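Use these hints to put chain S onto chain A, whose structure you have.
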Amino acid sequence: SQTIHQWPATLVQPVGSPLSLECTVEGTSNPNLYWYRQAAGRGLQLLFYSVGIGQISSEVPQNLSASRPQDRQFILSSKKLLLSDSGFYLCAWSGDSMMLFFGSGTQLSVL
Amino acid sequence: DQQVKQNSPSLSVQEGRISILNCDYTNSMFDYFLWYKKYPAEGPTFLISISSIKDKNEDGRFTVFLNKSAKHLSLHIVPSQPGDSAVYFCAASEHGNNRLAFGKGNQVVVIP
Chain A
1 SQTIHQWPAT
11 LVQPVGSPLS
21 LECTVEGTSN
31 PNLYWYRQAA
41 GRGLQLLFYS
51 VGIGQISSEV
61 PQNLSASRPQ
71 DRQFILSSKK
81 LLLSDSGFYL
91 CAWSGDSMML
101 FFGSGTQLSV
111 L
Chain S
1 DQQVKQNSPS
11 LSVQEGRISI
21 LNCDYTNSMF
31 DYFLWYKKYP
41 AEGPTFLISI
51 SSIKDKNEDG
61 RFTVFLNKSA
71 KHLSLHIVPS
81 QPGDSAVYFC
91 AASEHGNNRL
101 AFGKGNQVVV
111 IP
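First to last, the protein sequences are chains A and S. With the working numbering as the guide, the letters of the first sequence map in order to residues 1 to 111. With the working numbering as the guide, the letters of the second sequence map in order to residues 1 to 112.
One chain only, chain A, in its complex shape:
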């Protein structure tokens, strides 16, 4: 069966520090991969999605970037965090259908 791992679960970072969140999927090949963010009091905002290694689409201009170095690995990064980057970050994958399967999320607090 397919599983998705996302870490860390919580992260507290100072403004201006770098960020790296990692997500891996097991039990499937060539998944579509996604990074979402849920800011306080907001819905789920799609940040990036990828249909294959090295293929990244950005949905909104922002201080973040994403990379897919391997088929089942998706990384969310920032060189310098802003206060507005605080939120709950979710990695997700999908196969042929449009059903998304989410990871457990990372609560990022930028102070």
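Because the hints were derived from the structure by calculation, they are not lab data. Everything numeric in this text was worked out from a predicted model, so none of it was measured. Take these hints with a grain of salt, some might be off.
Here chain A is said to cover these stretches of chain S; the calculated rule only asks that three of the stretch's residues, wherever they fall, bring their Cβ under 8 Å from a Cβ of chain A [unchecked claim]:
id: 1; segment: 42-52
id: 2; segment: 102-111
Residues from chain S that face chain A, not an exhaustive set, calculated with beta carbons under 10 Å [stated by the list, open to error]:
id: 3; residue: Gln6
id: 4; residue: Tyr36
id: 5; residue: Lys38
id: 6; residue: Phe89
id: 7; residue: Ser93
id: 8; residue: Asn98
The C-beta atom is built at its ideal place from N, Cα and C for all residues, glycine as well.
Just chain S, lined up with the frame of chain A:
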């Protein structure tokens, strides 16, 4: 531009009664709709979906209704249970598009 809208951000309902969550969309190209359930500090989990070729889909206590002409769908939970207390997200996609558009979510509180 919010293509999927969930108004009435919170709902309180007595255990055993019906919970009704509403969702409106603006993109007439959407042809697949999903509801997700989310507990605090966890990722959303899939609940139920419906294709645009149907107007109703039922799975146990959960039923989703789709009104394409009104660009409206709703989720009914009957009977509501305390474990249903969560945030519910409505999502939609169009054929050939790998992305889901989500609403802002509805907080449901089921009172024992």
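For each hint, the structure was consulted:
1. 42-52: holds (count 6)
2. 102-111: Coverage by chain A holds for the segment 102-111 of chain S (4 residues, Cβ < 8 Å).
3. Gln6: holds (8 Å)
4. Tyr36: Check passed: Cβ of S:Tyr36 comes within 8 Å of chain A, closer than 10 Å.
5. Lys38: Constraint on S:Lys38 satisfied, holds at 8 Å.
6. Phe89: holds (6 Å)
7. Ser93: holds (4 Å)
8. Asn98: This hint holds: S:Asn98 lies near chain A, its Cβ roughly 5 Å from the closest one there, short of 10 Å.
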